[in-house]
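Participant: What follows is the residue order along each chain.
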Amino acid sequence: MGAAETAAVLGAVVLIVGTVGPLVRLPTAPALGLQAIGVGLAGAAGVAVLCGAAPIGAGFHGGLAPALGVDGLSGFFLATIALVALPALAYGREYLRGAPGERWLVALGGLFLLSLGGVVAARDASIFLAAWELMTLAPAAAILVRRTDPEVRHVVFVYLAVTHLGGTGVWIAMLTLAHYGALADPGALAGQGAAVQTLVIVGALIGFGTKAGLMPLHAWLPRAHPVAPSHLSALMSGVMVKVAIYGLIRVFFQWAAPVPLWAGLVLLAVGLLSALGGVLFALVQRDLKRLLAFSSVENVGIVALGLGAATVFLWEGDRTWAAIAFAAALLHVLNHAVFKSLLFLAAGSFERAVGSLDLDRLGGLLRRMPWTGAAFLLGAAAIAGVPPLNGFVSEWLTLQALVHVALGPSLGTGLAGGVAAAGLAATAAIALFCFVKAAGLALLGEPRRPESAVATEPGAAMRLAPVFLAGCCIALAAVPGLLLPALVKLAPGAPAMAAHPGLEVPGTGSLPAPWLLLGIVVLTAVAWRLRGERRAAPVPAWACGQRVEPALGWTSAGFTKPLVLVLQAVLRPEREVEVTKRGGLVASVSYRGEVPHRFDTHLYRPLRDRALAVAATVRRIQSGSVRAYAAYLLVLVLAMLVLLRVGALG
Amino acid sequence: MTAVAALVQVLGGLALAPLLPGTVQSLKARLQGRRGPSPLQPYRELRRLWGKSAADPQPTTLLYRLAPCLVAAATVLALLLVPIAGRAPDWSLGNDALVLVGLLALGRFALSLASWDTGSGFALMGSGRDLTFAVFAEPLLLLTIVVAALPAASTDLVAMGAAAGGSGPWGEPAHWCGAAAFALVVLVETGRQPIDNPDTHLELTMIHEGPLLEYAGRDLALLEWSAAARHWIVLVLAVELFGPHWGGFWEQLGWLALGLVVLCAALAATETAQAKMRILRAPGLMAGGCALALVGLASALVGGLV
Numbered sequence: 001m002g003a004a005e006t007a008a009v010l011g012a013v014v015l016i017v018g019t020v021g022p023l024v025r026l027p028t029a030p031a032l033g034l035q036a037i038g039v040g041l042a043g044a045a046g047v048a049v050l051c052g053a054a055p056i057g058a059g060f061h062g063g064l065a066p067a068l069g070v071d072g073l074s075g076f077f078l079a080t081i082a083l084v085a086l087p088a089l090a091y092g093r094e095y096l097r098g099a100p101g102e103r104w105l106v107a108l109g110g111l112f113l114l115s116l117g118g119v120v121a122a123r124d125a126s127i128f129l130a131a132w133e134l135m136t137l138a139p140a141a142a143i144l145v146r147r148t149d150p151e152v153r154h155v156v157f158v159y160l161a162v163t164h165l166g167g168t169g170v171w172i173a174m175l176t177l178a179h180y181g182a183l184a185d186p187g188a189l190a191g192q193g194a195a196v197q198t199l200v201i202v203g204a205l206i207g208f209g210t211k212a213g214l215m216p217l218h219a220w221l222p223r224a225h226p227v228a229p230s231h232l233s234a235l236m237s238g239v240m241v242k243v244a245i246y247g248l249i250r251v252f253f254q255w256a257a258p259v260p261l262w263a264g265l266v267l268l269a270v271g272l273l274s275a276l277g278g279v280l281f282a283l284v285q286r287d288l289k290r291l292l293a294f295s296s297v298e299n300v301g302i303v304a305l306g307l308g309a310a311t312v313f314l315w316e317g318d319r320t321w322a323a324i325a326f327a328a329a330l331l332h333v334l335n336h337a338v339f340k341s342l343l344f345l346a347a348g349s350f351e352r353a354v355g356s357l358d359l360d361r362l363g364g365l366l367r368r369m370p371w372t373g374a375a376f377l378l379g380a381a382a383i384a385g386v387p388p389l390n391g392f393v394s395e396w397l398t399l400q401a402l403v404h405v406a407l408g409p410s411l412g413t414g415l416a417g418g419v420a421a422a423g424l425a426a427t428a429a430i431a432l433f434c435f436v437k438a439a440g441l442a443l444l445g446e447p448r449r450p451e452s453a454v455a456t457e458p459g460a461a462m463r464l465a466p467v468f469l470a471g472c473c474i475a476l477a478a479v480p481g482l483l484l485p486a487l488v489k490l491a492p493g494a495p496a497m498a499a500h501p502g503l504e505v506p507g508t509g510s511l512p513a514p515w516l517l518l519g520i521v522v523l524t525a526v527a528w529r530l531r532g533e534r535r536a537a538p539v540p541a542w543a544c545g546q547r548v549e550p551a552l553g554w555t556s557a558g559f560t561k562p563l564v565l566v567l568q569a570v571l572r573p574e575r576e577v578e579v580t581k582r583g584g585l586v587a588s589v590s591y592r593g594e595v596p597h598r599f600d601t602h603l604y605r606p607l608r609d610r611a612l613a614v615a616a617t618v619r620r621i622q623s624g625s626v627r628a629y630a631a632y633l634l635v636l637v638l639a640m641l642v643l644l645r646v647g648a649l650g
Numbered sequence: 001m002t003a004v005a006a007l008v009q010v011l012g013g014l015a016l017a018p019l020l021p022g023t024v025q026s027l028k029a030r031l032q033g034r035r036g037p038s039p040l041q042p043y044r045e046l047r048r049l050w051g052k053s054a055a056d057p058q059p060t061t062l063l064y065r066l067a068p069c070l071v072a073a074a075t076v077l078a079l080l081l082v083p084i085a086g087r088a089p090d091w092s093l094g095n096d097a098l099v100l101v102g103l104l105a106l107g108r109f110a111l112s113l114a115s116w117d118t119g120s121g122f123a124l125m126g127s128g129r130d131l132t133f134a135v136f137a138e139p140l141l142l143l144t145i146v147v148a149a150l151p152a153a154s155t156d157l158v159a160m161g162a163a164a165g166g167s168g169p170w171g172e173p174a175h176w177c178g179a180a181a182f183a184l185v186v187l188v189e190t191g192r193q194p195i196d197n198p199d200t201h202l203e204l205t206m207i208h209e210g211p212l213l214e215y216a217g218r219d220l221a222l223l224e225w226s227a228a229a230r231h232w233i234v235l236v237l238a239v240e241l242f243g244p245h246w247g248g249f250w251e252q253l254g255w256l257a258l259g260l261v262v263l264c265a266a267l268a269a270t271e272t273a274q275a276k277m278r279i280l281r282a283p284g285l286m287a288g289g290c291a292l293a294l295v296g297l298a299s300a301l302v303g304g305l306v
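Respectively, the protein sequence lines represent chains P and S. Under the working numbering, the letters of the first sequence match residues 1 to 650, in that order. Under the working numbering, the letters of the second sequence match residues 1 to 306, in that order.
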């Protein structure tokens, strides 16, 4: 047994002990420690395999006998899970202390990690599907342990309903693949004709797309992620949606490969819709965690754009750019996992310190909570996609892939690439808008409510977890090029690529990330020296001579209003102003404004109503009379006999 | 010759940049029948601001004071990415067009956060509008880059500039569409009429000026210089990517100088002829630019006129 294999097996065993432990009276702190060690070991094994060690365990096989193993792609996802899980577990140790149902939360957290690892390490359909279902159920159970109010129960119900309905797509795709033996032998599906392949692709798009939160199948995501305990929100947004991306990658680039062009174009379209739609709804949210959840939809969309570009390139026969687009998607998976979990963890600390995540009630937290605040600011800059941070690096690479689709030979794919590239540029601009708003409202200016003015930093673990992730953001920003060759190698039929610290990609002017980072730091320092430390007397901000009071403070709605007005036709904001007058004088003004999530009212509600109507019709045959049921049985037996007679049952 | 290009890049970008808005203002005054300021006026203002003490609005954090430095740093880096007359000295920063777009966004990010730091309503009003424009300006800029990248099949600014030289590109409809769309990019990025009015002193109408409202002294000087340098960057890009230029290095340098003068005159003429647009109308104009660039892309993909 090699070192990597030992680490993987040991990691799994330790993680299982850490998961079962709290249920058999092991205190939660050592249990979380064991979970962290287990995840760390598994992640280390993943890194080893990704960096060229021999694959661990079994390969994929077509039967239903349980098998586990780790290859390069699984290794990458295991490493990503570990990178997010380690700080999340450390954070959870302090965050959960003394919480009601603490033992259950710790055990369910461990089960969640096990199921995440199970999906990426599964080497047959049965383990894959079992782990897949557990991955959905574990966080749902954790939410129910933590929150018992009816609203949250309804949210969990919606989450389970949508993901299970969509999840049937995964079952269809996986069982079909297993049936034709395509898990073990990628060529097997090609011989079965286009219909089978289409079934698998559509099933995978719906099943994995629902879990990944791709629009329009995302309805559960912005509801479920905000109500989970913060360290689980970080794992859900940071990793769980990525595991769905893992499934999509396996189907598109391995099991059902080579996929037809339309699949790539569908992926581009869905990715563009998710990216633009997700970030637009994120922009108009007032609740910080809900904003972050919508932004996950956006980032999954960006990943889908990268994968769509890779599919189109493969169809065009351009293996180099297919591999680059593929690597861009994986790099964004990693980057988003890091900065989104950072933001969720920091949001959890804000919520604990202030008691609310309503952005219009926060403010001034950078001075009150310098560590958490600075980490949040860095995460916001990274997710906003400004250079030289890691979000820019992967968005740059994805954008390059789309630009090169646009430069491509045929009119159809070229225009699709052009539109997608323009859409991604708009997405990046809106994301910048959105996170300037979030960071500005939460961290800067005067505290908008008294609760924010007395906020304090949490303890060491909750403070260090976001700071650690911020460090990861900077490291990933500084030397992304060292990772790129390993990611490129995971693409099908990829050419070898030399490792540079920056990104040296043919057909671009290259992104020398470390020099850019250094340049920004050095030049800012030079400008700071030039500016000198002359400080004048403090003055209030200019408000035409008025005093600047918290009541005059700019709100979330005010800041985003120009864009909401421009996009009125799409977003259809609702606004109510009520003026109460008494004796000719205005006594009070109440204002309510929001941008409703029209997917709920225009897509999901009709679907739900239709389903309930059909159910009501079907229920009529359930009369409750024994005689009626006996008659049904008789009819069924007769029908089968007839079918047998005509030979329809073989 | 690369050394000369480096000299023009650094010295030209740092020192000549304020001359561009100065020239535009001076020409505009002439066109409007006024005597107006000399083209050197921006230098005098920078010198005046450099000597003045800074104001320190309360309550702010370090971020507010750091923002002008960050904006200036991003602008200097962006300057170093733009090749001069088809030559680019090797600063190990690459010459990628999309990195340039990112650096401009970094400046916007820093300045908008600084607006939140003061909490000043006027600053936030301006930056909210600026960010709204960016939502439409970024796809427009990207699509013009795609169109300009078509002949070279690369987003390397040096290769793009080389492929745009000579008379060849002018036979392609894509080039014309790209040039027209880039004209809009110039108006947006420099904050000129009809998109924004750089001369306004009325807080309620400010867009790009709004976030600068609280700054004074050297901070404001850095920001004013950065605004001038943005003129330099987009105008040089306009000449390199879409302007006529051919011949060796020195001829191209001549074309660059000529192009800058012509573009300044064009900006002055536009500002004289056009009133500022309603803020909510401007995104429609930019969306039109995007459509135009897409038409150019489509025409190139079907093989152009040849």
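Just to be clear, a hint being listed does not mean it is correct.
Cross-link-like lysine to any residue pairs, in silico, SDA-like; alpha carbons within 25 Å at most [to be verified]:
| hint | chain 1 | residue 1 | chain 2 | residue 2 |
| --- | --- | --- | --- | --- |
| 1 | S | K276 | P | P538 |
| 2 | P | K561 | S | L258 |
| 3 | S | K276 | S | V158 |
| 4 | S | K52 | P | K489 |
| 5 | S | K52 | P | A543 |
| 6 | P | K561 | S | H201 |
| 7 | P | K561 | S | G191 |
| 8 | P | K489 | P | P514 |
| 9 | P | K561 | S | K276 |
| 10 | S | K52 | P | E533 |
| 11 | P | K561 | S | R278 |
| 12 | S | K52 | P | V526 |
| 13 | S | K276 | P | P540 |
| 14 | P | K581 | P | L565 |
| 15 | S | K52 | P | L567 |
| 16 | S | K276 | S | G168 |
| 17 | P | K561 | S | A266 |
| 18 | P | K561 | S | A180 |
| 19 | S | K52 | P | T555 |
| 20 | P | K581 | S | A183 |
| 21 | S | K276 | P | G558 |
| 22 | P | K561 | S | A275 |
| 23 | S | K52 | P | L137 |
| 24 | P | K561 | S | E45 |
| 25 | P | K561 | S | N197 |
| 26 | P | K561 | S | P198 |
| 27 | P | K561 | S | E203 |
| 28 | S | K52 | P | V539 |
| 29 | S | K276 | S | A266 |
| 30 | P | K561 | S | R281 |
| 31 | P | K561 | S | L280 |
| 32 | S | K276 | P | L565 |
| 33 | S | K276 | S | A183 |
Please keep in mind that the hints were generated in silico from the structure rather than gathered at the bench.
Participant: Are there hints from earlier that the structure breaks, and if so, what are their numbers?
Facilitator: 1, 2, 3, 4, 13, 14, 15, 16, 17, 18, 19, 20, 23 and 24
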